[in-house]
Amino acid sequence: MLKIKDLTVVADNKIILNKLNLDIETGKIWAIMGPNGVGKSTICKVLLKDPNYLIKQGSIIYNGKIINDLSTDQRAKLGLFLIAQTPTAIDGVQNSEMLRMAIANRTGKAVDILSFHKEIKEVCQKLDIPNDFIHRDINAGMSGGERKKNELMHLWMLKPEFIILDEIDSGLDVDAFKIVMKSLKDYYKKYHPSILIITHNTKVFKYLKPDGISILEDGKIIKTGTEELANIIDENGFEAFKVSESVTHE
Amino acid sequence: MNKIIIENDYISFDDEEVDVQFNTQNLTIDITNNVVINELNDCNIIQKLLINIHDNSTLTLNIFNQKASLNLDIEINIYDNGKFYGNIGLIANTENHLNVTTNMFKDNIENILNIKGISKKDGYFNIKVDGNVQKNTYNNMMKESIKILNLNAKENKILPNMLVATNEVKADHFVTISNISEPELFYLMSKGINRNLASKILEKAFIFSLYDEKVKKIIDK
Numbered sequence: 001m002l003k004i005k006d007l008t009v010v011a012d013n014k015i016i017l018n019k020l021n022l023d024i025e026t027g028k029i030w031a032i033m034g035p036n037g038v039g040k041s042t043i044c045k046v047l048l049k050d051p052n053y054l055i056k057q058g059s060i061i062y063n064g065k066i067i068n069d070l071s072t073d074q075r076a077k078l079g080l081f082l083i084a085q086t087p088t089a090i091d092g093v094q095n096s097e098m099l100r101m102a103i104a105n106r107t108g109k110a111v112d113i114l115s116f117h118k119e120i121k122e123v124c125q126k127l128d129i130p131n132d133f134i135h136r137d138i139n140a141g142m143s144g145g146e147r148k149k150n151e152l153m154h155l156w157m158l159k160p161e162f163i164i165l166d167e168i169d170s171g172l173d174v175d176a177f178k179i180v181m182k183s184l185k186d187y188y189k190k191y192h193p194s195i196l197i198i199t200h201n202t203k204v205f206k207y208l209k210p211d212g213i214s215i216l217e218d219g220k221i222i223k224t225g226t227e228e229l230a231n232i233i234d235e236n237g238f239e240a241f242k243v244s245e246s247v248t249h250e
Numbered sequence: 001m002n003k004i005i006i007e008n009d010y011i012s013f014d015d016e017e018v019d020v021q022f023n024t025q026n027l028t029i030d031i032t033n034n035v036v037i038n039e040l041n042d043c044n045i046i047q048k049l050l051i052n053i054h055d056n057s058t059l060t061l062n063i064f065n066q067k068a069s070l071n072l073d074i075e076i077n078i079y080d081n082g083k084f085y086g087n088i089g090l091i092a093n094t095e096n097h098l099n100v101t102t103n104m105f106k107d108n109i110e111n112i113l114n115i116k117g118i119s120k121k122d123g124y125f126n127i128k129v130d131g132n133v134q135k136n137t138y139n140n141m142m143k144e145s146i147k148i149l150n151l152n153a154k155e156n157k158i159l160p161n162m163l164v165a166t167n168e169v170k171a172d173h174f175v176t177i178s179n180i181s182e183p184e185l186f187y188l189m190s191k192g193i194n195r196n197l198a199s200k201i202l203e204k205a206f207i208f209s210l211y212d213e214k215v216k217k218i219i220d221k
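Chains R and Y are the protein sequences, given in the same order.
In case it helps, our numbering puts the first sequence at residues 1 to 250.
In case it helps, our numbering puts the second sequence at residues 1 to 221.
Calculated from the structure, these hints are not laboratory results.
There is no bait here: all hints are sound.
Here are the simulated DSS-like cross-link-like pairs (lysine-lysine), alpha carbons at most 30 Å apart as the crow flies:
(1) 118/R - 200/Y
(2) 214/Y - 118/R
(3) 178/R - 209/R
(4) 109/R - 204/Y
(5) 221/Y - 118/R
(6) 200/Y - 109/R
(7) 121/R - 204/Y
Output of the computed footprint for chain Y on chain R, the stretches with three or more beta carbons under 8 Å from beta carbons of chain Y:
(8) 39-51
(9) 63-73
(10) 88-94
Built from N, CA and C at the ideal position, the CB exists for glycine as well.
Modelling step: build the complete structure from the supplied sequences, incorporating the hints.
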C-alpha cells in the first residue's frame, strides 16, 4: 500500500530523513519508534506534504503510484489521514462545516445533511463526547484529550484507508487514552486500514498490535523487527539500538 | 427583526436590539440601558458617527462591511458604569479609512474594541484607534485588538493609541498584520479540502470569530 524509497528530506537546510526506506502493506500496522528529535514526526508531515519539508531524493509510492507531486488535499483524497501530536486549532471553523466540505470535496457529491447528523451523533456517542462537539470550532479551547477525540470524530466520518498516528498518547490521561485506543481498535476491526504508528510508548501496542517495528535514529531506520523490539525498548531503552551495536535492516 | 433605515442625524435607543442601516453622513446616537446595534449592510454613506453611552448602559456595536469603500470616523463617549463592546469586521477591496476614538469619562467602565480586516485585490487599511481614559477616573478597563489579514501586496497602516491620564486603569492593546496561517491551511488540506476552498474557509472564520451566532447568520444570508 505505502512504500517509501530512499527518501531524503530537508528542512532549514538540514537533512532530517536520510535515504529512508519503509514498506507497509494493505491492512498492516507498522510502528516507528525512536528517541526525541530523530525525525519520527517528519515522516508523518512529509507523507501529507507539509510545505516546511522538501524532498531532495527518493519517492513516496501509494497504491503503486508515486505521490511526491500530489498536494496535501490530493493525498488526503487518496485515503491518507494524519492525527498530529498536537492537532491544530482553528477559531471560527466548526467541525460540522469542515467535515461537510471535506466529504463533499472527497466524494464530489453534496452531503445529505440528515444522514450526516445521524452518523456524527453516533460517532460522538462512541467517543464519549457531547453532541455539541459537532458545532464547536475545530480543536479550539479543547484539552489534549478532547483534541484527540475530536480528530477521531473526523476519522470516523472521513473513513481513511491509511492512518498516521503521531504520538497518539501524548496529552491523554489514563481514561482518555483507553477511549482513544479502543476507538482506533474498533475502526481497525471495522475498516482494516493500514496504520503507521509513531510513538515511544509501547502501551499503544496493547490496543494496536504492530506487524512490524522500525527503530529510527538520525533520520535512518537502524533496525526492523517484530513486537519483540518493543520489549527490548521497555527493558533497556533506545540505547539498546545504538548504530554501532545493531544490524541495519531496510 | 425589521431593519431600521436611519436617514436623520439623530436617534436614541433604549434597551433594545436593532438591525440598522446608516443612510446619513452624520449621525449621533444616545444609548440607555442595554442596546445591541447591528450595521451589516456594506453601507458607505456614513462618515461621522457619534455615540453616547449613558450611565449604567451597555452597547454592543456590530459592524460588517465587505464591499464599500469605507471612510468613517467613530467617536464613542462612555459614562459612569458604561460598557462598550465593538466588533468591526471589514473586507477591503479598495481603500478603507477608519478612525475610532473612545472616551472614558467616569468610573467602572469596560471598553473592548475588536477590529478585524482582510485586504484583498487593491484594498488596504488606514486605521487609527485612540482610547482616552480621562483624569480622576477609577476602575476602568480598556482593550483594543486590531488584526489584519493581508492577502495582497498593499501597505496597511494601523495606529493604535492609548491615552491614559489616570493611574488606575487596566489597559491592553494588540495589533497584528499577517498572512493566512500555513499550519491552518495545511490542517484543512490534510482533511481533503483544496487550497482555494481552505483559504476561503479561513478568511470567513477570521472575520466571523468576531460575532455571535445570530450576527453570523445575518451575514451569511
